[in-house]
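Student: Position chains P, Z and U relative to chain W; hints supplied.
Residue numbers (my numbering), protein chains in the order written: chain W, 1 to 137; chain P, 1 to 137; chain Z, 1 to 137; chain U, 1 to 137.
Treat the hints as calculated values from the structure; they're not laboratory data. Predicted, not measured: the structure shown is a model, and the values here were computed from it. Incorrect hints may appear among the rest.
To be verified - Per the computed footprint, the stretches of chain P lying under chain W, defined by three or more beta-carbons under 8 Å from a beta-carbon of chain W, are:
1) 2-14
2) 17-23
3) 26-37
4) 40-46
For each residue, glycine too, the CB sits at the ideal point set by N, CA and C.
Here is what each chain is made of, one letter per residue.
There are 4 protein chains.
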Amino acid sequence: MKLIRFGVSIPESLSKKFDEHIRKKHYSNRSEALRDLIRKELIQEEIEQDMEVVGVVNLLYDHHKRELTDKLTELQHNHHHIVLSTMHIHLDHRNCLEVILLRGRSQEVKDLADALIATKGVKHGNLNLTSTGKHLV
Amino acid sequence: MKLIRFGVSIPESLSKKFDEHIRKKHYSNRSEALRDLIRKELIQEEIEQDMEVVGVVNLLYDHHKRELTDKLTELQHNHHHIVLSTMHIHLDHRNCLEVILLRGRSQEVKDLADALIATKGVKHGNLNLTSTGKHLV
Amino acid sequence: MKLIRFGVSIPESLSKKFDEHIRKKHYSNRSEALRDLIRKELIQEEIEQDMEVVGVVNLLYDHHKRELTDKLTELQHNHHHIVLSTMHIHLDHRNCLEVILLRGRSQEVKDLADALIATKGVKHGNLNLTSTGKHLV
Amino acid sequence: MKLIRFGVSIPESLSKKFDEHIRKKHYSNRSEALRDLIRKELIQEEIEQDMEVVGVVNLLYDHHKRELTDKLTELQHNHHHIVLSTMHIHLDHRNCLEVILLRGRSQEVKDLADALIATKGVKHGNLNLTSTGKHLV
Numbered sequence: 001m002k003l004i005r006f007g008v009s010i011p012e013s014l015s016k017k018f019d020e021h022i023r024k025k026h027y028s029n030r031s032e033a034l035r036d037l038i039r040k041e042l043i044q045e046e047i048e049q050d051m052e053v054v055g056v057v058n059l060l061y062d063h064h065k066r067e068l069t070d071k072l073t074e075l076q077h078n079h080h081h082i083v084l085s086t087m088h089i090h091l092d093h094r095n096c097l098e099v100i101l102l103r104g105r106s107q108e109v110k111d112l113a114d115a116l117i118a119t120k121g122v123k124h125g126n127l128n129l130t131s132t133g134k135h136l137v
Numbered sequence: 001m002k003l004i005r006f007g008v009s010i011p012e013s014l015s016k017k018f019d020e021h022i023r024k025k026h027y028s029n030r031s032e033a034l035r036d037l038i039r040k041e042l043i044q045e046e047i048e049q050d051m052e053v054v055g056v057v058n059l060l061y062d063h064h065k066r067e068l069t070d071k072l073t074e075l076q077h078n079h080h081h082i083v084l085s086t087m088h089i090h091l092d093h094r095n096c097l098e099v100i101l102l103r104g105r106s107q108e109v110k111d112l113a114d115a116l117i118a119t120k121g122v123k124h125g126n127l128n129l130t131s132t133g134k135h136l137v
Numbered sequence: 001m002k003l004i005r006f007g008v009s010i011p012e013s014l015s016k017k018f019d020e021h022i023r024k025k026h027y028s029n030r031s032e033a034l035r036d037l038i039r040k041e042l043i044q045e046e047i048e049q050d051m052e053v054v055g056v057v058n059l060l061y062d063h064h065k066r067e068l069t070d071k072l073t074e075l076q077h078n079h080h081h082i083v084l085s086t087m088h089i090h091l092d093h094r095n096c097l098e099v100i101l102l103r104g105r106s107q108e109v110k111d112l113a114d115a116l117i118a119t120k121g122v123k124h125g126n127l128n129l130t131s132t133g134k135h136l137v
Numbered sequence: 001m002k003l004i005r006f007g008v009s010i011p012e013s014l015s016k017k018f019d020e021h022i023r024k025k026h027y028s029n030r031s032e033a034l035r036d037l038i039r040k041e042l043i044q045e046e047i048e049q050d051m052e053v054v055g056v057v058n059l060l061y062d063h064h065k066r067e068l069t070d071k072l073t074e075l076q077h078n079h080h081h082i083v084l085s086t087m088h089i090h091l092d093h094r095n096c097l098e099v100i101l102l103r104g105r106s107q108e109v110k111d112l113a114d115a116l117i118a119t120k121g122v123k124h125g126n127l128n129l130t131s132t133g134k135h136l137v
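The shape of chain W in the complex, shown without the other chains:
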């Protein structure tokens, strides 16, 4: 991986505030922080252009509803080609958190996430889209 270096000019007062900000956010230096801001912008583009993305779905539900678990499992099997992996956490004696990793075109990832979240008995769910990393060296 070849690194390139270029100069950036910014007003002094802005640079002071930025330095304070990245210290608070635990970045070790400006380049690291700026690379992250750049990648965040580029990932937004991958999502909007229906490229291949990774989706992290989280579902909050009450595991006492047995049929619910079956329904969620079935939905995932019906789309097994875009389901990578699942993690399950027992939050308390009733509440579970299930985190499901999906990988596919952003539209099909959104569609399966919608179906999982809409399943009767799921209290809350959402989808976070990120990159496969292929186009982000």
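Tutor: Frame of chain W, contents of chains P, Z and U only:
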């Protein structure tokens, strides 16, 4: 306004993608694009820390409901110290868009925006928070 | 406008929390709050499907940069068919806030907003998309 | 869990659009869709009030940077009281996705997420906050 200049190193492939991105977004050069990314981060902090911010509220409603206009006006007068200005647009024979500029601590701005949006008859509304510019040279 | 009425069943504890929430948000009753939640969902769809939308752009800049004002005005004139109106606020002796209302397909609205925000000298800007109201009775 | 039932009135045209929307989103009926919209609103409040929340962090990185894995593991051990579980996915021969579940006050969850995301070598990361479910029956 004193400008400072510093070097940033990023992987070559990332820099290529970024150049393509900022061209699409109409930026004239990398510094300009990076300054914008930096300010966007800093404004997020101003909002979270309940600093003085500017709020742009937009309300979509049917102006045939006369009482509605009166209620919205009254709400604004009751908080006149944080209302800067209002712009009104006739979208069609029924629908109006009203854009109201607020300035105050982020919490009071949010609270007034909530009240405006919740007024019976307002079809849709939202609030966009930005900076007063004072801390963003 | 014909109103229809239907029954909704929700757990008692959820309904209590919701009542508390809508009181805080200043809604007068549950129907009003639910209609707003429904419209918020539908507007998201209008935006994603590149339908005609209204965009509220806000730009924060230093008006001492005279060329900047000219550039922003020219950009708006070049796209006058989607620019509805502009409001200008003097935040302090240097900082201005300009709010520009656009109306068009969501993609062309986003594109002009990008160009305005990317103009050299604009400190910060963002775009808030909302509905024309036509499809939201 | 006691269910209560109440009536909602909405304009007929809005109800038609909503029915179409919830069909697309795979909901089985209006009550289910409305319960989800209500919970989404309430979770936003839990987050803003620094209540106990669950955070799902995802990190995209190149596992060839060995020190990176060590640093991420150490950060998690230093905050083991709020780290619930971790899932690791091999996206390709270089890229990994790590999903880390956190549970704590929203501020400390955000702070650890910031530190993980800022670690040198992490290409991209973000945090998705959700509820513990305790207050959302």
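Student: For each hint, tell me whether it holds in the structure or not.
Tutor: Here is how each hint holds up against the structure:
1. 2-14: As far as the segment 2-14 of chain P goes, the hint holds, because 13 residues have Cβ atoms under 8 Å from chain W.
2. 17-23: With 3 residues closer than 8 Å to chain W, the segment 17-23 of chain P meets the three-residue bar; holds.
3. 26-37: holds (count 5)
4. 40-46: Result for this restraint: holds, n = 3.
In the structure shown, no violation is registered for any of the earlier numbered hints.
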